[in-house]
Amino acid sequence: MGTFESLASVAELCKDCAKITLDHLLSLGPKPMDATKGLLWDQQATRLQNQLDSLTALVSKLTAEAVIEGLKNYQPQLDHIGTLTKEARVEIQHMAQVSASLTKFSKVLDLGLAILSAAASPSLAAISAAVAASDTLVHP
Amino acid sequence: MALSMRLAIALLSTAVASCANIVAVNHTAARLVAASDSWNDVLAEYRKSCEREMRTTSAINDCTRQSIASDQLTKTNAVLASYFIALRDASDEKNLTIQPGLDDLVTSFKEIPGVPADQVEAVSGLFGLLTHLATQAMREEIIKDLIVGGTDDARTLISALEKLTGPLDTQLTTEEDKLTGLFGTKINSVHDDGTNPMALCQGNVATTLSGTGYLLSLEYCRQAQVISQRKDALAKYRSSLREADSALSELKSSKDTLSNKALAQHLYAIGASLQSNVEAVRKAYN
Numbered sequence: 000m001g002t003f004e005s006l007a008s009v010a011e012l013c014k015d016c017a018k019i020t021l022d023h024l025l026s027l028g029p030k031p032m033d034a035t036k037g038l039l040w041d042q043q044a045t046r047l048q049n050q051l052d053s054l055t056a057l058v059s060k061l062t063a064e065a066v067i068e069g070l071k072n073y074q075p076q077l078d079h080i081g082t083l084t085k086e087a088r089v090e091i092q093h094m095a096q097v098s099a100s101l102t103k104f105s106k107v108l109d110l111g112l113a114i115l116s117a118a119a120s121p122s123l124a125a126i127s128a129a130v131a132a133s134d135t136l137v138h139p
Numbered sequence: 000m001a002l003s004m005r006l007a008i009a010l011l012s013t014a015v016a017s018c019a020n021i022v023a024v025n026h027t028a029a030r031l032v033a034a035s036d037s038w039n040d041v042l043a044e045y046r047k048s049c050e051r052e053m054r055t056t057s058a059i060n061d062c063t064r065q066s067i068a069s070d071q072l073t074k075t076n077a078v079l080a081s082y083f084i085a086l087r088d089a090s091d092e093k094n095l096t097i098q099p100g101l102d103d104l105v106t107s108f109k110e111i112p113g114v115p116a117d118q119v120e121a122v123s124g125l126f127g128l129l130t131h132l133a134t135q136a137m138r139e140e141i142i143k144d145l146i147v148g149g150t151d152d153a154r155t156l157i158s159a160l161e162k163l164t165g166p167l168d169t170q171l172t173t174e175e176d177k178l179t180g181l182f183g184t185k186i187n188s189v190h191d192d193g194t195n196p197m198a199l200c201q202g203n204v205a206t207t208l209s210g211t212g213y214l215l216s217l218e219y220c221r222q223a224q225v226i227s228q229r230k231d232a233l234a235k236y237r238s239s240l241r242e243a244d245s246a247l248s249e250l251k252s253s254k255d256t257l258s259n260k261a262l263a264q265h266l267y268a269i270g271a272s273l274q275s276n277v278e279a280v281r282k283a284y285n
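Chains A and F, in that order, give the protein sequences.
Per numbering that gives the first Met the number 0: the first sequence = residues 0 to 139.
Per numbering that gives the first Met the number 0: the second sequence = residues 0 to 285.
In isolation and in its complexed conformation, chain A is listed as follows:
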């Protein structure tokens, strides 16, 4: 049994003890009106309440320690996922750059077609359009 399991088991045991203590505490019932009996009731209630508080505090500490110990077993997976994610980030950035380059290339293609068109039927409008297409390439 690993450390996590051991600590979690002890915490579970304390939880069960706390439940038994709670049942004893509540079974005391309402405080008697009689002064002497009331005093006895106070003593018993205080003792059981303190016991319950101590068990609760112990459970809180044990469960926290169990988690801290348990997490130590997963460091290899954390390291690997961290590295993989960083590498993916680089690839995603590269993909964005390729996409931007292809966009620029498509503009070159359109510029070429614009120039061919201007050459086929030269006019002020056609030449202006070719200039505009080249401007789009230079200033995206």
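No wet-lab data here; the hints were simulated from the structure.
Cβ atoms here follow ideal geometry from the backbone N, Cα and C, with glycine treated the same way.
Worth double-checking, as some hints may not be accurate.
[As the list claims (entries may be wrong)] Each pair of labels, with its calculated beta carbon distance range:
#1 A:N72 - F:L214: 41 to 51 Å
#2 A:K36 - F:T55: 21 to 31 Å
#3 F:S252 - A:P75: 15 to 25 Å
#4 A:G1 - F:N195: 37 to 47 Å
#5 F:D36 - A:A131: 39 to 49 Å
Given the coordinates of chain A, assemble chain F onto it according to the supplied hints.
Structure of chain F alone, referenced to chain A:
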């Protein structure tokens, strides 16, 4: 029909099928990111439960170790979240589409006199498609690398987040018992019947108590309700962890068939169930 148009239609069919499933991967990854964010509330409970208890007992002086436990769990979740975010971003069409740029160029090019408009459409549209397919292939490669390289470890970490929150059941149950003991005793101490404080939260039973007893029962029921909600949230959290694990398992088994239509259907179904559990966890903390 021109060769370019026939080729475009053939390529478009492939692109649409693959696109639809990368959209499904993106949709699922986005849901995983949201789920991971919701898990932080539950992971913080080791600290929060301790802080609640510290207000009602002198047996707990500080919550340092509990805070460390919660912080370390949250950091583990952050590593998972970064993986889900990478998967989401790699499959996000909006990050990489060049279509708006091409659309503008097509429009301006059509305005050049003497250039046949249908040829403009065919060339630009075909080039746009080819570019899309090129980036699509790169995108699929990145997604596959993330899936092949990361799903096993991601599932192991999800399993860890489930295992290591097992003691939270113990913690919350003990907190609940302590609260019941505290208020039950206080109600008993004013000569009212506090032997079953939980019962005082149902119906109008509490109105039979003395004034002090009644006020104590109201406060007990309010605090008990908080713990009850946290326990419910823990159950939903575990369901969402299992859904996330299912989604990753589905992705891994389909890594070579990202164009499989069934993948999209499965992923959307898992995503919907995951969202439902995540919303339940969020509701418990708001």
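Here's how the hints hold up against the structure:
Checked against the hint of 41 to 51 Å, the C-beta distance between N72 of chain A and L214 of chain F comes to roughly 48 Å, which is consistent with it. Under the hint 21 to 31 Å, the C-beta atoms of K36 of chain A and T55 of chain F, about 27 Å apart, fit the expected range. Taking the beta carbon of each, S252 of chain F and P75 of chain A are about 24 Å apart, inside 15 to 25 Å as hinted. Taken as a hint, the range 37 to 47 Å holds for the pair G1 of chain A and N195 of chain F, whose Cβ atoms sit roughly 39 Å apart.
At roughly 47 Å, the beta carbons of D36 of chain F and A131 of chain A sit within the given window of 39 to 49 Å.
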